[in-house]
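K.L.:
Keeping their order, the protein sequence lines are chains E and P.
Numbering (my numbering) for the first sequence: 1437 to 1759.
Numbering (my numbering) for the second sequence: 1437 to 1759.
These are calculated hints, taken from the structure and not from any lab test.
Treat the hints loosely; a few may be bogus.
The list makes no distinction among identical chains, and a pair is therefore deemed to hold if it is satisfied within one copy or across any two copies.
Stated by the list, open to error - Calculated lysine-lysine pairs in the DSS-like style (CA-CA distance at most 30 Å, straight line):
{"#": "1", "residue 1": "K1741", "residue 2": "K1667"}
{"#": "2", "residue 1": "K1480", "residue 2": "K1741"}
{"#": "3", "residue 1": "K1480", "residue 2": "K1709"}
{"#": "4", "residue 1": "K1709", "residue 2": "K1667"}
{"#": "5", "residue 1": "K1480", "residue 2": "K1667"}
Here is what each chain is made of, one letter per residue.
There are 2 protein chains.
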Amino acid sequence: MTSDNVRAGAVSRVEDVLAGRVVSAARLMRDLDDLVPGAVDELKHLYPHTGGAFVLGVTGNPGSGKSTIVDCLIRRYRDAGLRVGVVAIDPSSPFTGGAILGDRIRMQRHATDEGVFIRSMATRGHLGGLSRSTQDVISVMDAMGHDLIIVETVGVGQDEVDVVSTAHTSVVVVVPGLGDEIQAIKAGILEIADILVVNKADRAGADRTVADLSMMLDLRSEGAPAVRILKAVAINEEGIADLVEAVDLHRQDLDHEAEGRRRALDRAESRLKDLLRTLALESALTRLEAGEGLAALVERIAERKIDPYSAAEQLLAELMGDS
Amino acid sequence: MTSDNVRAGAVSRVEDVLAGRVVSAARLMRDLDDLVPGAVDELKHLYPHTGGAFVLGVTGNPGSGKSTIVDCLIRRYRDAGLRVGVVAIDPSSPFTGGAILGDRIRMQRHATDEGVFIRSMATRGHLGGLSRSTQDVISVMDAMGHDLIIVETVGVGQDEVDVVSTAHTSVVVVVPGLGDEIQAIKAGILEIADILVVNKADRAGADRTVADLSMMLDLRSEGAPAVRILKAVAINEEGIADLVEAVDLHRQDLDHEAEGRRRALDRAESRLKDLLRTLALESALTRLEAGEGLAALVERIAERKIDPYSAAEQLLAELMGDS
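All chains should be modelled from the sequences, with the hints used to inform the complete structure.
P.N.:
This is the structure:
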């Protein structure tokens, strides 16, 4: 590890993050979100110290009680002496500019626990996208020495599915008795589930939902990885011990199977592609500002004087020095 | 319009699309989805013929009844003699590989109506992303001569919000009596709403929901564009005439205000950036295949021998001929 291109202050911030200092880490995350060049250099120095954390994705529809489940999991893992990081991805509010989910407040009781680091992310406004930002936050938490990082997402947008699919283990939370349309959405997220939790299982229809899910899983192609289905009533802490055990079992599966290595390569590849897209765009925009200007080109597209494909190709050719 | 670099068959396909032929248009959409180079050339030739269609976004949570609303709107606009295109964005199923929403079937009654062209899109698996694919489909429908294009999306993922925010007018559908968490999500999509429809307004709490939404809108900064709030019971066709009128009024606002031009520039800019990202990545991957190979680089990232930022920068420098 060399620090040639990292300023003195940055070197000490890298050391602070490695020592687990929350304030330094939070500032670095903010700078990374804004793609501050020095911050990226710091992340490069942190990278060799990552890879120790286990990343657990938890997703599900609004009202499925996944925040309650995350809350229970934090407590269990804290009781086991683990350092826990939480990345909570919320729809952003145009009014507050940030996370506003009411039941996130419940998690704040962990705020005074030094072994828990919670970072809320808005779904919009990240330079280079939510996925890039989230991966950076995970890397920083990982380098800080967190044993477990929980990524909690709301909704089933492509971006959020991408985020969750980079976790080591993905938990999808559903509730009994949903309408047809919601059932369809569940099918969409079955693709990324390693563990399915039917929460609020004291409601009517829980066994039916378990049966429906089992049937849907049976329809998958042969050789698809096994998915565990559990029932829970998270609000009463029922089923949480089973969930922790299922996560452990899946983690052991990953350690012993080619699947674990395949996922690590998938994660590396999607991160590389994400960054390449982001950096290429930044680069092109920087050059554009020096030339004709973005505004002029955008105006020509809006007026149908040039089509967007030709405009993008022309920019890329200039970027690559081909013209 | 020249056709130098378009093959003879492609020239006739361009002409077929301009003549409104559905089979040719559907094939072109499929080729564009796969980024077939010839198809992109065809789109370039279609681009000068676009800009005539009015794009209406309709979004909302699962179960809000937005498909029923879209169904009613199609009928109204057809009765008025307009040609209507519909882009339905669904969560994809790993089992069917496509759209599976049950109530999409209801829309199929329009399938025999030559004045309605419905295209379902999966939320995943588009080269260059959902947003790029959707914009291409809209451009083709526009060039075909559709007067109105309705883009219907499920959920509130960033990608879907991006898609809807490129519409001329965006309708957000909500239902009365939702929990706190869903209210919070509504706040997230208030940002993109020009018209809010409280559907299923025969349920308890409809007036309360209208009042809540009005209050949230009042909290926005001064100068924010006016948002119309309507009640509807779409299943009984109640409130649909009001919705059509609200869309007309918003459309007139756009024609007479700087807002319309600002949105056109926003659309052009986001499309240019989307394409630049996509083409830059394609370019980099092509070069990579000729060199060290993507697999080898991904492996080094997974093994923490190189960090993803350095790897992406290195690739980009090679791409730009700087190294």
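K.L.:
At 30 Å max between alpha carbons, let me know whether K1480 reaches K1741 within a copy, between copies, both or neither.
P.N.:
between (43 Å within a copy, 11 Å between copies)
K.L.:
Within, between, both or neither: how does the pair K1480, K1667 come out at a Cα-Cα threshold of 30 Å?
P.N.:
neither (42 Å within a copy, 53 Å between copies)
K.L.:
Are the CA atoms of K1741 and K1667 at most 30 Å apart within a copy, between copies, both, or neither?
P.N.:
Neither: 59 Å inside a copy, 42 Å across copies.
K.L.:
Which holds for K1480 with K1709 at a C-alpha limit of 30 Å: within a copy, between copies, both or neither?
P.N.:
For K1480 and K1709, both the intra-copy (17 Å) and inter-copy (26 Å) Cα distances are at most 30 Å.
K.L.:
If the cut is 30 Å between Cα atoms, do K1709 and K1667 qualify within a copy, between copies, both or neither?
P.N.:
Intra 37 Å, inter 45 Å, cutoff 30 Å: neither.
Hint violations for this structure: numbers 1, 4, 5, all remaining hints satisfied.
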